[in-house]
Amino acid sequence: MNPERIYRRVAVFGGVYSNYLALEATLEDARQRDVEAIFCLGDMGAFGPHPDRVFPLLREAGVLAIQGNYDDSMAAGKEDCGCGYTDPRDNHFARLSYEYTFKNTSAENKAWLGTLPKQRRIRLGKHGVLMCHGSPRTVNEFLWESTTPNGLLARFMRDFHTDTILCTHTGIKWQRILPDGKQVVNVGAIGRPENDGMTNVWYTVLTSGDDLHVEFAPVHYDHETLAREMEMEGLPPEFIETIRAGWWTTCLEILPAKERARGKH
Amino acid sequence: MTTPTVPFRHLATLWIQVTGTWCNLQCAHCINSSGPTDPWLKSLDTRTVKRYIHEAEDLGVKEIYFTGGEPFLHKDILELLAFSLAVAPTTVLTNGTKVTEAVADSLADLARRSPYSLEIRVSVDDIDPDRNDRIRGKGALAKAVRAIRLLYARGLLPILTATEILQAEMPEGNGMYDRFRDFLLTQGIAKPRVKIIPVFPIGRMAQEGGGLLTEEMLRGYDFSLLQCTETRVVADAGVYCCPILAGLKEARLQERGLKESLTSCRLYHTACVTCYQTGMTCKNF
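Chains W and C are the protein sequences, given in the same order. Residue numbers for the first sequence follow the working numbering, so the first one is 1 and each next one is one higher. Residue numbers for the second sequence follow the working numbering, so the first one is 1 and each next one is one higher.
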């Protein structure tokens with residue numbers, strides 16, 4: 001087994017969702033924070049315009065990515081995104097998004113998505129870190145703050161022999177320190193705002209130390225240009241409203257009660 | 001013919017059949033023939049429920065569901081929900097008839113105090129009172145809607161849960177889902193949540209049952225689509241493989257221990273075909 005690379009400070013983001021303008025801004029922000037490496041926890045496509053535009057940015061910046069459910073579906077030519085929705089409204093909008101993204105992503109980029117690992121392990125100083133997309137056990141499992149109990153997280157730590165888990169998939173960031181000091185961080189998503197009425201998106205900077213220091217970093221980007229490009233591409237007005245207003249309008253039936261109560265819709 | 005079995009993956013959901021088959025309604029399609037008199041499956045006592053919740057926490061359970069019968073007939077239901085919400089996100093499946101203002105206040109208070117989500121699923125079968133009440137009993141729709149409004153007014157976001165029992169009688173239009181969603185909007189529920197589930201050939205609908213699953217049908221099938229790979233139900237006299245079959249002797253995996261029940265189970269019932277065909281889950285999402 002390869003020894004895990006040891007880092008002092010890293011940037012981690014998830015859910016690019018074809019938002020190449022937010023990706024550019026995130027990479028620039030991360031560079032200014034003196035990080036040694038930048039990681040992406042998957043789902044490059046969905047939702048936004050011109051899906052091929054994110055790939056050169058990821059490669060040129062040397063982003064170390066893992067595969068999300070969307071990436072797996074795109075690479076394998078699956079019929080749907082595998083997001084794990086059960087509600088008809090959620091599935092309707094997920095289908096529109098997937099069809100557009102699949103049609104507008106090059107074969108070369110789909111093949112690249114197929115080469116990404118499912119998970120990564122690194123060390124941040126003395127802390128062992130497991131990076132996954134949904135959960136350590138299932139790529140499309142939703143780990144929302146209000147539906148992820150401590151008992152389950154303790155179980156993950158034991159079963160996957162780690163003391164830090166980083167995940168994404170839900171699109172809303174959160175952090176929890178367990179009673180034994182182990183940590184779980186949902187790093188959020190840079191592809192769409194997190195349903196709080198703000199237009200910015202979020203990623204995470206982790207710094208080693210006695211305790212692992214976690215900082216959620218806001219990223220402001222030219223969301224109006226993105227919205228206009230989405231309009232030009234004929235993407236659903238509901239998607240564009242989210243970019244402009246910061247409130248989720250689609251794929252929100254999956255939200256648990258607490259998270260749903262905080263949003264506008 | 002050999003009965004096919006399905007491997008167990010992990011314990012994601014624990015279902016607690018807290019009132020057994022004791023219910024104040026007697027719905028025409030009830031999967032376990034619940035009703036007000038002589039329930040064939042007894043309620044669980046408070047100590048037993050707490051023991052199972054503790055055990056489930058150690059096993060890494062992700063969600064806990066209370067069902068019955070009607071869970072709000074249990075004398076300690078609010079205490080049990082509070083206990084459960086300290087461990088994991090918790091859902092109650094109810095007909096709504098017992099959700100008074102005081103109960104709604106208590107539930108809102110429980111939801112506020114817990115870091116985890118409390119979900120209330122309120123059962124309805126149609127938005128037309130005559131059709132709904134023909135299935136669920138006189139006045140059932142009005143009481144369910146009242147419960148939804150009381151809960152929503154307190155910041156809870158109830159999930160209207162309907163079976164497809166009346167699907168054939170629904171007027172032309174956008175389908176059941178949108179019919180319920182639009183109805184909730186007209187009731188002032190700005191964040192309408194709807195879950196539709198199929199009718200199972202079991203309980204009072206047992207006569208609808210057809211064939212059984214075979215090993216041939218399951219060749220190449222993605223077992224993770226079946227909820228019995230990640231759920232267990234505790235009810236009177238033991239631990240059972242899924243919420244649909246809870247209480248049935250053939251579905252019982254253990255008399256007592258939850259941990260010991262995390263084994264493969266047999267897809268022996270005609271109701272298993274419904275799950276196989278629809279990929280449905282009794283979970284909220």
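Hint data in this document are derived by calculation from the structure and do not stem from the laboratory. Think of the CB as a built atom: it goes at the ideal place given N, C-alpha and C, for glycine as much as any other residue. Just so you know, not all the hints are guaranteed correct.
Derived CB-CB ranges, DEER-like [stated by the list, open to error]:
id: 1; chain 1: W; residue 1: Thr86; chain 2: C; residue 2: Asp130; range: 26 to 32 angstroms
id: 2; chain 1: W; residue 1: Thr86; chain 2: C; residue 2: Glu101; range: 30 to 36 angstroms
id: 3; chain 1: C; residue 1: Arg51; chain 2: W; residue 2: Glu215; range: 53 to 59 angstroms
id: 4; chain 1: W; residue 1: Arg137; chain 2: C; residue 2: Lys75; range: 36 to 42 angstroms
id: 5; chain 1: W; residue 1: Gln175; chain 2: C; residue 2: Arg256; range: 35 to 41 angstroms
id: 6; chain 1: C; residue 1: Arg9; chain 2: W; residue 2: Arg176; range: 46 to 52 angstroms
id: 7; chain 1: W; residue 1: Gly234; chain 2: C; residue 2: Gly175; range: 22 to 28 angstroms
id: 8; chain 1: W; residue 1: Met232; chain 2: C; residue 2: Gly211; range: 24 to 30 angstroms
id: 9; chain 1: C; residue 1: Met170; chain 2: W; residue 2: Gly181; range: 26 to 32 angstroms
Negatives, chain C to chain W, calculated, CB over 10 angstroms [as the list claims (entries may be wrong)]:
id: 10; residue: Glu63
id: 11; residue: Ala111
id: 12; residue: Asp130
id: 13; residue: Tyr177
id: 14; residue: Arg193
Tested hints:
no. : hint                                       : result
1   : W:Thr86 with C:Asp130: 26 to 32 angstroms  : holds (30 angstroms)
2   : W:Thr86 with C:Glu101: 30 to 36 angstroms  : holds (32 angstroms)
3   : C:Arg51 with W:Glu215: 53 to 59 angstroms  : violated (42 angstroms)
4   : W:Arg137 with C:Lys75: 36 to 42 angstroms  : holds (38 angstroms)
5   : W:Gln175 with C:Arg256: 35 to 41 angstroms : holds (38 angstroms)
6   : C:Arg9 with W:Arg176: 46 to 52 angstroms   : violated (24 angstroms)
7   : W:Gly234 with C:Gly175: 22 to 28 angstroms : holds (26 angstroms)
8   : W:Met232 with C:Gly211: 24 to 30 angstroms : violated (53 angstroms)
9   : C:Met170 with W:Gly181: 26 to 32 angstroms : violated (55 angstroms)
10  : Glu63                                      : violated (7 angstroms)
11  : Ala111                                     : violated (7 angstroms)
12  : Asp130                                     : holds (26 angstroms)
13  : Tyr177                                     : violated (5 angstroms)
14  : Arg193                                     : violated (7 angstroms)
Checked against the numbered hints above, the structure violates hints 3, 6, 8, 9, 10, 11, 13, 14; every other hint is satisfied.
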